[in-house]
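Join the two chains into one complex using the hints; note that each chain is given alone, in its own frame.
So the protein sequences, as listed, match chains P and S.
Per my numbering, the first sequence starts with residue 1, numbered consecutively.
Per my numbering, the second sequence starts with residue 1, numbered consecutively.
The hints are all genuine.
Below 27 Å or equal to it, Euclidean Cα-Cα: the simulated BS3-like pairs (lysine-lysine) are: (1) Lys2/S x Lys113/P; (2) Lys629/P x Lys748/P; (3) Lys337/P x Lys605/P; (4) Lys266/P x Lys121/P; (5) Lys59/P x Lys2/S; (6) Lys751/P x Lys686/P; (7) Lys113/P x Lys205/P; (8) Lys288/P x Lys751/P; (9) Lys121/P x Lys2/S.
To be clear, the hints were calculated from the coordinates, so they are not data collected in a lab.
Spelled out, the chains give:
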Amino acid sequence: MSEYDIIGESVPRTHTRDKATGAAQYTDDIRLPGMLHGRILRSPYAHARILNIDTSKAKALPGVKCVITGYDLPDVQFGNWRLFPDTQDEYALARDKVRFIGDEVAAVAAINKDVAEEALKLIDVEYEELPASFDIDTSLSEDGPVLHELYKNNISVVRKVSHGDLDKAFEECEYIREDIFDVHAISACYLEPCSSLAKCDDDGKITLWTSTQTPYIVQCLLAAALGMRENDVRVIKPHVGGGFGAKMELRTWDVCAAFMAIKTGKPVKFTLTREEEFATGRRRHPMKLFSKVGCKKDGTLIAKDLRILLDGGAYNAMGPTATFLCGNFGLMLYKYKSYRFLGQHIYTNKPPASAIRGFGSPQSYLATETQMNMIAEDLGIDPIELRRMNAVQEGDEVPELSTIGSCAFSECLDKVIEVSGFNEKRKNPVKGRGIGIGCYSFISGGVFNWFNTQYPFSAVDIKAYEDGTVHLLTMAADIGQGSDTVLPQILAEELGLKMSDIRITSADTAITPQADLGSWGSRVTLMAGNAVIDAASKLKEILFGAVTAHFNFNVIHELACKDGRIFSTGRPDKGLSFGDAVALAQKFHRGVPIVVRGSYTPRGKGLVTPAFSFGAQVAEVEVDEQTGKVEVKKMWTAHDCGTVLNHVSVEGQLEGSIQMGLGYALSEQFNMEDGKTLNKTFLDYKMPSALDMPASDSICIETYENEGPYGAKEAGEGLVGPTAPAIADAVYNATGYRCMDLPITPEKVLKNIKK
Amino acid sequence: MKHLITLNVNGDDYTVACESSRTLNEVLREDLGLTGTKLGCGDGDCGACTVMVDGDSVSSCLTLAVACEGRKITTVEGLAKSGEELHPIQDAFIEKGAIQCGFCTAGMEMSALNLLKKNTSPTEEEIRTAISGNLCRCTGYYKIVEAIDSAAEKMRENK
Chain P
1 MSEYDIIGES
11 VPRTHTRDKA
21 TGAAQYTDDI
31 RLPGMLHGRI
41 LRSPYAHARI
51 LNIDTSKAKA
61 LPGVKCVITG
71 YDLPDVQFGN
81 WRLFPDTQDE
91 YALARDKVRF
101 IGDEVAAVAA
111 INKDVAEEAL
121 KLIDVEYEEL
131 PASFDIDTSL
141 SEDGPVLHEL
151 YKNNISVVRK
161 VSHGDLDKAF
171 EECEYIREDI
181 FDVHAISACY
191 LEPCSSLAKC
201 DDDGKITLWT
211 STQTPYIVQC
221 LLAAALGMRE
231 NDVRVIKPHV
241 GGGFGAKMEL
251 RTWDVCAAFM
261 AIKTGKPVKF
271 TLTREEEFAT
281 GRRRHPMKLF
291 SKVGCKKDGT
301 LIAKDLRILL
311 DGGAYNAMGP
321 TATFLCGNFG
331 LMLYKYKSYR
341 FLGQHIYTNK
351 PPASAIRGFG
361 SPQSYLATET
371 QMNMIAEDLG
381 IDPIELRRMN
391 AVQEGDEVPE
401 LSTIGSCAFS
411 ECLDKVIEVS
421 GFNEKRKNPV
431 KGRGIGIGCY
441 SFISGGVFNW
451 FNTQYPFSAV
461 DIKAYEDGTV
471 HLLTMAADIG
481 QGSDTVLPQI
491 LAEELGLKMS
501 DIRITSADTA
511 ITPQADLGSW
521 GSRVTLMAGN
531 AVIDAASKLK
541 EILFGAVTAH
551 FNFNVIHELA
561 CKDGRIFSTG
571 RPDKGLSFGD
581 AVALAQKFHR
591 GVPIVVRGSY
601 TPRGKGLVTP
611 AFSFGAQVAE
621 VEVDEQTGKV
631 EVKKMWTAHD
641 CGTVLNHVSV
651 EGQLEGSIQM
661 GLGYALSEQF
671 NMEDGKTLNK
681 TFLDYKMPSA
691 LDMPASDSIC
701 IETYENEGPY
711 GAKEAGEGLV
721 GPTAPAIADA
731 VYNATGYRCM
741 DLPITPEKVL
751 KNIKK
Chain S
1 MKHLITLNVN
11 GDDYTVACES
21 SRTLNEVLRE
31 DLGLTGTKLG
41 CGDGDCGACT
51 VMVDGDSVSS
61 CLTLAVACEG
71 RKITTVEGLA
81 KSGEELHPIQ
91 DAFIEKGAIQ
101 CGFCTAGMEM
111 SALNLLKKNT
121 SPTEEEIRTA
131 ISGNLCRCTG
141 YYKIVEAIDS
151 AAEKMRENK
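Excised from the complex, chain S in its bound form (with noise of 0.2 Å):
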């Protein structure tokens, strides 16, 4: 049975018709055509697929759309205050040098996110510990780790 949910994303309602089964990425990438957010396993491992909603970090590859109904969802294109002015955590990615396939930058942002919005002077452990559930083959996340940190201290600056 399909029904009729508003899910608000990156501050603008949406509203789709969707089966029960569909799950949040899906409506995201395919019925909103928000495909910056990825899907590496779908069973809930990589992070790849990582978005926020309400302020929590979940992997949306797990997630129900119609349990997202009235909720606000937060994802990677949602992280740029403009297309000139990128997020701290974006722009330390990229000073860094953390990105290179860039297939989990997005979940990793949006993980690095939830960790600060929480904690905005974490620890090396506290990083590795938040990504934990990010899974990157390219980096050793050796440059990962380092942009968190430089943008948990930009973040602080800003403050």
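One chain only, chain P, in its complex shape (with noise of 0.2 Å):
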């Protein structure tokens, strides 16, 4: 039986009976009195620059109530690298330059969509188009078309890694291979399209309801971007329709929503179409991968030299963390004697890439997996021996940058070859069949503070009240990740409390603790997570004194919180209930009420992140050789995320990430022709519907990482990871196709199947 009431519980979600019944609101579904819809006008080119633009006749047309463009907003760019301020390059409109098709130009206000939408036929925009650059080689040419004046080698930034002589290991190695990869990009493809609502209050304060990962981070750069103070902004994240990373920014629909708010005097809305998030939004970076790594001839890793250009568009958005997390990756799973990194994020006139889902990870992974499958073919060496051979261990040092706590990679790799059959599959190879392997190490949160905020990484408030009952409040996002459950469920095992008995307010930056940083990264859980139980012990303390003081117990008794009691450990009869505990408590205090904070910040913990989770996957494959496709017949996973404080959240985070990753492999890419998105719907760009998904078997190797709250770590991002070049070594097994270029579309099957 477990030690703990609550935590490993699948306890229900928390909001999912207003999901449900459709009760639960998300940002389209507030509608407030005299509020007017927002439209944006975006350049019909992918570089030019904007010599004038027209807004009387839009403003003329009846229904309309502002218009604005980059020239009515303050001088501010904004971006979230805030501790390297040359990093901003973003203004909410375009003021001077657009920089891809799609880029925002003016924004109208009006009484309804359909007046709104005609205004911005309405403004007359004159543009005298540039020369632009739709690859990154196009880019780095020396007459490449410069995006950004600060950058005229269009390389916004750059990221190096490097620990040991490298020449000095290559020159070791009996085995030397060198390959390139070339990876696309995906949209995050969340359901519920950004949008955000602002309200303008009689004192000249902004309230914005925002489809957001990041309360945050939007709180501070909107203050910035309006010339505000920070606490003159506040921002509220309702139910979010999902954001694997795509809404971990300020957008531009926030900044005109709240400044129009002002300037009308009413609330505006912006909502997003389908044809926009696709044809504009944000997209995991595209990359070419060039990747030299030597080992000894029995497989015993020795060097690699990992260059990374990506492909960032037209702004930074997440790129500088892109760049900086993919050379992380690069030496996360297995251990090198010396490690180069060279990342370089590059402009290009496409909309920009940020974060999403995985961050770095599926590309860095593509090339590092496939290329020990490559390995060990060449070797002649087993695919998994080569890897458990190589394999980073709990103690390990990630030199420069961390060390390794909890690990069950061997452990996973085991489990995965033993439910798969790969091993009995590969001997016994059937005709148009495949079984692959992929691997990935992930970060359970960043630790670096590249927003350079002021406050915790995490924090929590408590109030306890004398009727047994707790608030929890935490301006960490839930974003149909699980946070408003789980944290609670930490909370409710902290205080032997039942869930029933705790209210959680989040995401609420005037009313919930200053700060969290936001969904991303897989940093909540453990983060918050933390922050949780450091508040919760201080609850403790003083409900503890109280209790030892009414029973007048020897101070060396230990007590205990449990079934909403709290009890001396020694002699269990002797107890009060939490509540009472809770009003005994406030009269010490003379009724005060009982109020705790809690918080993390990780210190002193390397440059990447306090825990590191571990998983293998095995991908089998079935491949059409006449007509080129490929059919994933299923997928079994093993993977390691520490402790598992909710089995069905950790089931569904993994599940959907097979879908994610699934998606990334085979079906979903941007067309794209000079800039401009073709596919820009659905039924264009494949996502992986219910008819697409393989079976899958997962298995959850517990550990217990030291950092992580109960010993969790993080879950089912990573596991976005190693899906690629799984199905990828799969197809390659199934037809002698090794596939280095993302996605495994029919037509390359077709053309480089071996007869």
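Printed below as a string of structure tokens:
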């Protein structure tokens, strides 16, 4: 039996009843009296100078209340990497130049969407078209167009990692291979298009409801963009219909809604169309990866030299983090005597790439894992054995970056091989069928303070009441991943309460404590979870004192919270109900309500993350040699996510990750021509449907992560990494075609299949 | 030109004046305030806006409101028997963990309802086919399929 009451239980998600009945409110569901509807005018050119914008006809259209251009807004550029202001390269609305087809040029607020749409057509913009670059080679060429004056070579971020003597290490190698991988962009495909609604209060302060993963970041950057003080802006995150990384920045519509609400005195709402999402939305970074790796004949890895060019699109967005991370992922799974990484983030005249689930890892692991499979084949070593012999272990140092805590990578390998029948299937090939493997390691939140927050990375307040209930307040943002469930679950365990005893208020910057950096990088369970434990321990200190005094316990008595009671562990019969203990403590404070605050900031945790998760995935495919179509028959996954706090939630994350990884491997891509997106609907952008999903088996190898709450760490994000390499390996196993440039389309399979 | 139309939504008659071009989705969400029905794409591709019209599921974003004059419409708000007693499909979605962000949920539930009205014992393949027009990015569909299967069982037992 588990030592815990509620940790590890699949308690139903908070809010699911509202979501099941349609009562849950998302941003676009909110309507305020007198609300105006906003629309954005976008650039038809990939790169052009704006010579003039005439909004007079639009302004004259009946029903139009406000039309703005870049020069109406304060001259403030924003971006998430606040610690490095030179990376903040984006205006809400273009001022002098547009840099991609869809770049935001002007905004209209009108009494309804139709009038706003009509008004967009009446805005005359005079452009002078400039040469554009649609690929990194053009951007890097001597005569390539310059997108941002500050970066004449179009390289906006450079990241280097190195340890050991690389040249010497390669000299030691008995086998060296160099490969180039080319990976593409995909859409986050959250079902809820971006939406924001702003209201200006009578004191001039702003309330913004927005579909975001990062209320605190939006609050700070919006205040800066409007020239206001941080706390003159209140950001509320309603229910969010998925984000997957692509909703973690201040966006144009947030700024326009707030600015126009001030100008008009009326609430203003913007909701994007799906066409806007596909044609202009944030996407996964396309990357070109040059990977040179060397080892001994027995497979012992010695050296790796990885250079990655990131196609960032027109602005940095979360590109600096991507550049940082893909280099870290390059050395996270295996040990190398020497490793060198050079990442360069390059501007092109395309919609900006940004954060998407797995962030930098699917690209990196395609290269790492494919090369591992190639090395194994070339050297005649079993691919699993090759991994096992080089696998990182608990306590290993990731040179210059971090130390690995809990790690069950090798166990994951063993388990996934066993349950998938990998070895037997490799030994007994069936024509048209193949089986392949991919692995990953992932982070549990980042430790690098690129946002330059002045607050803890995560913070919570707990108010305790004499009726036995508590109120948990946190800025952590539940965007469907379940933090509004797992945080109360941790608190319930800490205090010995039931889920129904806990009220949670989250992600309202005016009410919940400063601050939380948001939902990204799989940071919330670990960081906000630790903040909950910190606050709970402070609360227990108060309550235990009250109970000790009440019973006149010897000070050496240990106390515990369980089943709604606080009692001495030595004399369990002596105790008070949780509510009575709160009442007593409150009396000691002469009525002052009991409120405690907890926080977590990773300190002394290296440069990457406080905790690493691991996993291995096997894919079995069937390839139709007539059509080139790849059908994934089954996926097996074994992963180490520390302690599983909520099994159904973890399974849900893992299963969703398979869908995203499958789309990335096989079907999803943007078809672009001269910077223009051609597939702008779900019909043309092939995100997997229920009919495309393979059967799936998964196993959690539970470890205890010392840095995580109750031993927990990342789950389900990193798993988007191994799926493509596993499928690509299975396709190779079935056909002899080794795909180095995703997605694995039927065309590529047919062209490359070995007859 | 505006038309005065009466729609029967979840058993109640609503009279609204609307342009010919106005979709059922807009009328439900904006005129009637029934925002449980979502709009995910506006192209009829994602299924988030699925509602029942005269017993068949339709994409409310592609259905003109004027074409629904006098017809019986069921939205997610009309699924539960009461505030206290949910529809077996809703119960199953909650129990099986089929809801994460929740944005596809209303459409998924309506497609499930459409299926289970016509086929009380669907196979897994039939369930997958029935929701193949409903996209979800969170769940990989696994728990949604499980939920529909479980709801079917409950609904058969309740008969």
